[in-house]
Amino acid sequence: MSKLITQIKKTYDVALAGNPNCGKTALFNAITGGNAKVGNYPGVTVERKVGRALLPDGSTLKVLDLPGTYSLNSRTLDEEITRNILLGKHALEPMPKALIAVVDATNLERGLGFVLELRELGIPLVLALNMVDLAKSRGQVLNLEILSRELGIPVVPTVAIQKEGLEKLLAEVCLLKSDLKPAVLIDWKKPDQNQIRSRFAEVDRILSLSIVQATQPALWTERLDQIVLHPVLGTCLLVLVLAFVFQAIFSWAEIPKGFIESGVSWLGDQVGLWLGKGPLESLIVDGMIAGVGAVLVFLPQILILFAFILVLEDSGYMARAAFLMDKLMGKVGLHGRAFIPLLSSFACAIPGIMSTRTIEQRKDRLTTILVAPLMTCSARLPVYSLLIAAFIPNMSVWGPIRLQGLVMFGLYFAGVVIALLMAVIFRMSLFRGPKPNLLMELPTYKLPRLKNIGLGLMERSVLFLKKAGTVILSVSIVLWFLVSYPKAPVGAHEAAISYSYAGIVGHAIEPLFRPLGFNWKIVVALIPGLAAREVMIGSLATVYAVEGRENGIALLGQRLSEDWSIATALSLLVWYVLACQCFSTLAVTRRETNSWRWPAFMFLYMTSLAYLGSFTIYHLAVKMGLGKI
Amino acid sequence: MSLTATLKHVGHVRLGKLEKGEKGLITQIGGIEFSVETVQRLMEMGFLEGATIEVLHQSPFGGDPIVVRVRGSLVALRRNEANAIEVLLDE
Numbered sequence: 003m004s005k006l007i008t009q010i011k012k013t014y015d016v017a018l019a020g021n022p023n024c025g026k027t028a029l030f031n032a033i034t035g036g037n038a039k040v041g042n043y044p045g046v047t048v049e050r051k052v053g054r055a056l057l058p059d060g061s062t063l064k065v066l067d068l069p070g071t072y073s074l075n076s077r078t079l080d081e082e083i084t085r086n087i088l089l090g091k092h093a094l095e096p097m098p099k100a101l102i103a104v105v106d107a108t109n110l111e112r113g114l115g116f117v118l119e120l121r122e123l124g125i126p127l128v129l130a131l132n133m134v135d136l137a138k139s140r141g142q143v144l145n146l147e148i149l150s151r152e153l154g155i156p157v158v159p160t161v162a163i164q165k166e167g168l169e170k171l172l173a174e175v176c177l178l179k180s181d182l183k184p185a186v187l188i189d190w191k192k193p194d195q196n197q198i199r200s201r202f203a204e205v206d207r208i209l210s211l212s213i214v215q216a217t218q219p220a221l222w223t224e225r226l227d228q229i230v231l232h233p234v235l236g237t238c239l240l241v242l243v244l245a246f247v248f249q250a251i252f253s254w255a256e257i258p259k260g261f262i263e264s265g266v267s268w269l270g271d272q273v274g275l276w277l278g279k280g281p282l283e284s285l286i287v288d289g290m291i292a293g294v295g296a297v298l299v300f301l302p303q304i305l306i307l308f309a310f311i312l313v314l315e316d317s318g319y320m321a322r323a324a325f326l327m328d329k330l331m332g333k334v335g336l337h338g339r340a341f342i343p344l345l346s347s348f349a350c351a352i353p354g355i356m357s358t359r360t361i362e363q364r365k366d367r368l369t370t371i372l373v374a375p376l377m378t379c380s381a382r383l384p385v386y387s388l389l390i391a392a393f394i395p396n397m398s399v400w401g402p403i404r405l406q407g408l409v410m411f412g413l414y415f416a417g418v419v420i421a422l423l424m425a426v427i428f429r430m431s432l433f434r435g436p437k438p439n440l441l442m443e444l445p446t447y448k449l450p451r452l453k454n455i456g457l458g459l460m461e462r463s464v465l466f467l468k469k470a471g472t473v474i475l476s477v478s479i480v481l482w483f484l485v486s487y488p489k490a491p492v493g494a495h496e497a498a499i500s501y502s503y504a505g506i507v508g509h510a511i512e513p514l515f516r517p518l519g520f521n522w523k524i525v526v527a528l529i530p531g532l533a534a535r536e537v538m539i540g541s542l543a544t545v546y547a548v549e550g551r552e553n554g555i556a557l558l559g560q561r562l563s564e565d566w567s568i569a570t571a572l573s574l575l576v577w578y579v580l581a582c583q584c585f586s587t588l589a590v591t592r593r594e595t596n597s598w599r600w601p602a603f604m605f606l607y608m609t610s611l612a613y614l615g616s617f618t619i620y621h622l623a624v625k626m627g628l629g630k631i
Numbered sequence: 468m469s470l471t472a473t474l475k476h477v478g479h480v481r482l483g484k485l486e487k488g489e490k491g492l493i494t495q496i497g498g499i500e501f502s503v504e505t506v507q508r509l510m511e512m513g514f515l516e517g518a519t520i521e522v523l524h525q526s527p528f529g530g531d532p533i534v535v536r537v538r539g540s541l542v543a544l545r546r547n548e549a550n551a552i553e554v555l556l557d558e
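Chains as they are written, first to last, in the numbering used here: chain A, 3 to 631; chain B, 468 to 558.
Don't read these hints as lab results, they were simulated from the structure. Hints should not be assumed to be uniformly reliable.
Under the rule of at most 30 Å between Cα atoms (straight-line distance), these lysine-lysine pairs were calculated in the DSS-like manner [claimed, not checked]:
1. A:51 to A:91
2. A:333 to B:487
3. B:490 to A:333
4. A:165 to A:138
5. A:448 to A:138
6. A:448 to A:489
7. A:39 to A:165
8. A:165 to A:51
9. A:91 to A:39
10. B:484 to A:333
11. A:448 to B:490
12. A:329 to B:490
13. A:64 to A:99
14. A:170 to A:64
15. A:138 to B:490
16. A:329 to A:365
17. A:329 to B:484
18. A:165 to A:99
19. A:91 to A:365
20. A:138 to B:484
21. A:329 to B:487
22. A:468 to A:453
23. B:484 to A:365
24. A:138 to A:170
25. A:453 to A:64
For each label pair, taking beta carbons as the anchor points, the in silico distance ranges come out as [as the list claims (entries may be wrong)]:
26. B:558 to A:56: 55 to 63 Å
27. B:489 to A:625: 56 to 64 Å
28. B:489 to A:472: 50 to 58 Å
29. B:516 to A:232: 31 to 39 Å
30. A:35 to B:558: 49 to 57 Å
31. B:558 to A:435: 35 to 43 Å
32. B:489 to A:41: 45 to 53 Å
Cβ coordinates follow ideal geometry from the N, Cα and C atoms, glycine included.
From just these sequences and the hints, can you work out the full model?
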């Protein structure tokens, strides 16, 4: 008991606050040794990061990383949460007992404004003057004593990425601890413009006293920008970078994906041999192992995409790319930063939706999340290939351009156009309001740190596996159950699946899909296809009883072309362009928006869109005489 | 305080009208067509009266948004928001 009490006594809360790009995350990683726990604040998308810092005397400090903000003005959700916590008004996160204000030493003119704002809160405060090495190399000479005296708080120079100054910083925090009095709840009011003016005038006064030699402009950054932001060279570079990222997630991921898939099926075979055929074997192999595989298979793409995003973000290029893309994205009411999530969604919407975190404004971010699954992901490709090969004649349209390729291109193109169109519509209806402003700092270029990237990748993978993964796994098992039970009666004529719950549901809702030209076999196959789009092919093979045969796919194509009209095939293709036939996307949307409301809305709007699209195409095709089998 | 009245001063232009390479001094920030939020955000990013400013880059697509140097940092913003800032151009 007494041991427990001393343990509680020893823990001590300190929070890190500062502008974005001031190296706050690197400092947090450095003082906590990278043992952070990442989560979300309940009900919102703002990330919550906590960790423990080890002190020389063996005790630990509980450290909270507040979202990076420019002020406490609560225009963005990040700011609102930061402010509520610091004012002791957050329902679940108590006010921290002390604060480390982090500023970029090369950018004191702006960073100190926020420090003065934090100082007014009455919470004991230490200033971490981060990246002092960069400031020194740019000629800055600073009188720390005067700076500390004028600010009225201890100042510690740090270089987070080299772990410099950390001991001193933590020692200062502990000194605060000794004369710590409980912070009084202050009556905080939104500052008006004159208060902001006088705050920055105070910054200028303090700096004029403490700066011995001013910081030179960031020569390298401005030189590099001459190329990176050059109208021609910069655009070429951007296209190259984007093409490279796209290529990487599209093709590099295929190799580890193949390993995972064959590993999972090997494991399934082994377990199957060991258990022997039976319901238990089916549950473990087809339900659980296949379900785990369905989760793991997303990891390569997520890791590759996030490795790129972290490098682009840490190096300072991401903000420049967003600047270059802003005009184009702005046309559909999106932020310049929306292009990476949308581009990534061509490979897979899961990493795409996860990467919308770089978009600050909630409305921008939700719009991007909602339209991302309309981008043609790689899981649609096998379905497209099967149906196009079976139904579209391989004839030349014009020279080397063939009809099959043209249809494939059309499907991709339709996805993009409709995604952008929906973005405009959401912007005018659901997320109406003033056009979001861009207003974004271009940080100085820095070499990305391997360790920070590694930590970032770990965080992303753990979040995905824990939060989205569990949902995907449980749904996979439920779907397995629905397609496996009840078993087909003895002497059944149809495939076993048509007697299962999925088959029963498929038969029941088939009339609903008849206006789209779908027969009951398609509807039945759509249900397991919710687990992942490409699973639909396997299900069709099951329903059409060509499963496991040699040349299964080719045979399936032949069967389909005997059973469906071209109109039906076109209608199903359109369904696949538009429908949210992917439970994993919904699970990850739930995780990223922290509510079931948005995935429910996503499913509804995409399904309605798909129904409308397929209905129109089917009837147009029938009118054109393509309705005959 | 009317921004339109002060804009009549010779040499005063809105930041959104500046070309790449032009620089000057911020003389005023605000204007009725801009929300308090936008103006305050601009101020927090360092756009304050008396600060020197230079347009360093503009988007290859239609010249909008722009990148400016202000109070020691580089900030990208759309010309529309930049119009909330009034600048006295350097000779």
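For each hint, the structure was consulted:
Between residue 51 (chain A) and residue 91 (chain A) the alpha-carbon distance is near 19 Å, which keeps this suggested pair within the 30 Å criterion. Under the criterion of a C-alpha separation no larger than 30 Å, the hint pairing residue 333 (chain A) with residue 487 (chain B) is consistent with the structure, at around 22 Å. Between residue 490 (chain B) and residue 333 (chain A), the direct Cα distance comes to roughly 28 Å. Compliance with the 30 Å bound is thereby established for this hinted pair. Of the supplied pair hints, the one linking residue 165 (chain A) and residue 138 (chain A) holds, its CA atoms being roughly 17 Å apart against a limit of 30 Å.
With a C-alpha separation of about 15 Å, the suggested pairing of residue 448 (chain A) with residue 138 (chain A) holds against the 30 Å cut-off. For the given pair, residue 448 (chain A) sits about 61 Å from residue 489 (chain A) by alpha-carbon distance, which is inconsistent with the 30 Å threshold. Between residue 39 (chain A) and residue 165 (chain A) the CA atoms are separated by roughly 20 Å; this keeps the pair inside 30 Å, and the hint holds. Using a Cα cut-off of 30 Å, the hinted pair residue 165 (chain A) and residue 51 (chain A) holds, with the two alpha carbons roughly 19 Å apart.
Taking the CA atoms of residue 91 (chain A) and residue 39 (chain A), the gap is near 23 Å; set against the 30 Å cutoff, the hint holds. Under the criterion of a C-alpha separation no larger than 30 Å, the hint pairing residue 484 (chain B) with residue 333 (chain A) is consistent with the structure, at around 20 Å. With a C-alpha separation of about 27 Å, the suggested pairing of residue 448 (chain A) with residue 490 (chain B) holds against the 30 Å cut-off. The hinted pair formed by residue 329 (chain A) and residue 490 (chain B) meets the criterion: a straight-line CA distance of about 23 Å does not exceed 30 Å.
About 10 Å separates the Cα atoms of residue 64 (chain A) and residue 99 (chain A), which keeps this hinted pair within 30 Å; it holds. A distance of roughly 17 Å separates the Cα atoms of residue 170 (chain A) and residue 64 (chain A); the hinted pair therefore holds under the 30 Å criterion. For the hint linking residue 138 (chain A) to residue 490 (chain B), the alpha-carbon distance of about 27 Å falls within 30 Å, and the restraint holds. About 18 Å separates the Cα atoms of residue 329 (chain A) and residue 365 (chain A), which keeps this hinted pair within 30 Å; it holds.
Annotation: proposed proximity of residue 329 (chain A) to residue 484 (chain B) holds, straight-line Cα distance about 17 Å (limit 30 Å). Distance restraint check for residue 165 (chain A) and residue 99 (chain A): the Cα-Cα separation of roughly 24 Å lies within the 30 Å cut-off, and the hinted pair is therefore satisfied. In summary, the hint linking residue 91 (chain A) to residue 365 (chain A) is supported, as the alpha carbons are separated by about 24 Å, within the 30 Å threshold. About 36 Å separates the Cα atoms of residue 138 (chain A) and residue 484 (chain B), which puts this hinted pair outside 30 Å; it is violated.
For the suggested pair residue 329 (chain A) and residue 487 (chain B), the alpha carbons sit about 17 Å apart, so the restraint of at most 30 Å is met. With a C-alpha separation of about 22 Å, the suggested pair residue 468 (chain A) and residue 453 (chain A) falls inside the 30 Å cut-off, and the hint holds. At most 30 Å may separate the alpha-carbon atoms for a hinted pair to count; residue 484 (chain B) and residue 365 (chain A) meet this at roughly 28 Å. Proposed proximity of residue 138 (chain A) and residue 170 (chain A) is supported: the alpha carbons are some 19 Å apart, at most 30 Å.
With a C-alpha separation of about 22 Å, the suggested pair residue 453 (chain A) and residue 64 (chain A) falls inside the 30 Å cut-off, and the hint holds. For residue 558 (chain B) paired with residue 56 (chain A), a C-beta distance near 59 Å keeps the hint of 55 to 63 Å intact. Distance hint check for residue 489 (chain B) and residue 625 (chain A): the Cβ-Cβ separation is about 60 Å, which falls inside the suggested range of 56 to 64 Å. Checked against the hint of 50 to 58 Å, the C-beta distance between residue 489 (chain B) and residue 472 (chain A) comes to roughly 56 Å, which is consistent with it.
Range check, residue 516 (chain B) to residue 232 (chain A): about 32 Å between beta-carbon atoms, so the 31 to 39 Å window is met. Separated by about 55 Å at the C-beta atoms, residue 35 (chain A) and residue 558 (chain B) satisfy the suggested range of 49 to 57 Å. At about 41 Å, the CB distance of residue 558 (chain B) to residue 435 (chain A) agrees with the hint of 35 to 43 Å. A hinted range of 45 to 53 Å for the beta carbons of residue 489 (chain B) and residue 41 (chain A) is consistent with their spacing of about 47 Å.
Hint check: violations occur at hints 6 and 20; the rest are consistent with the structure.
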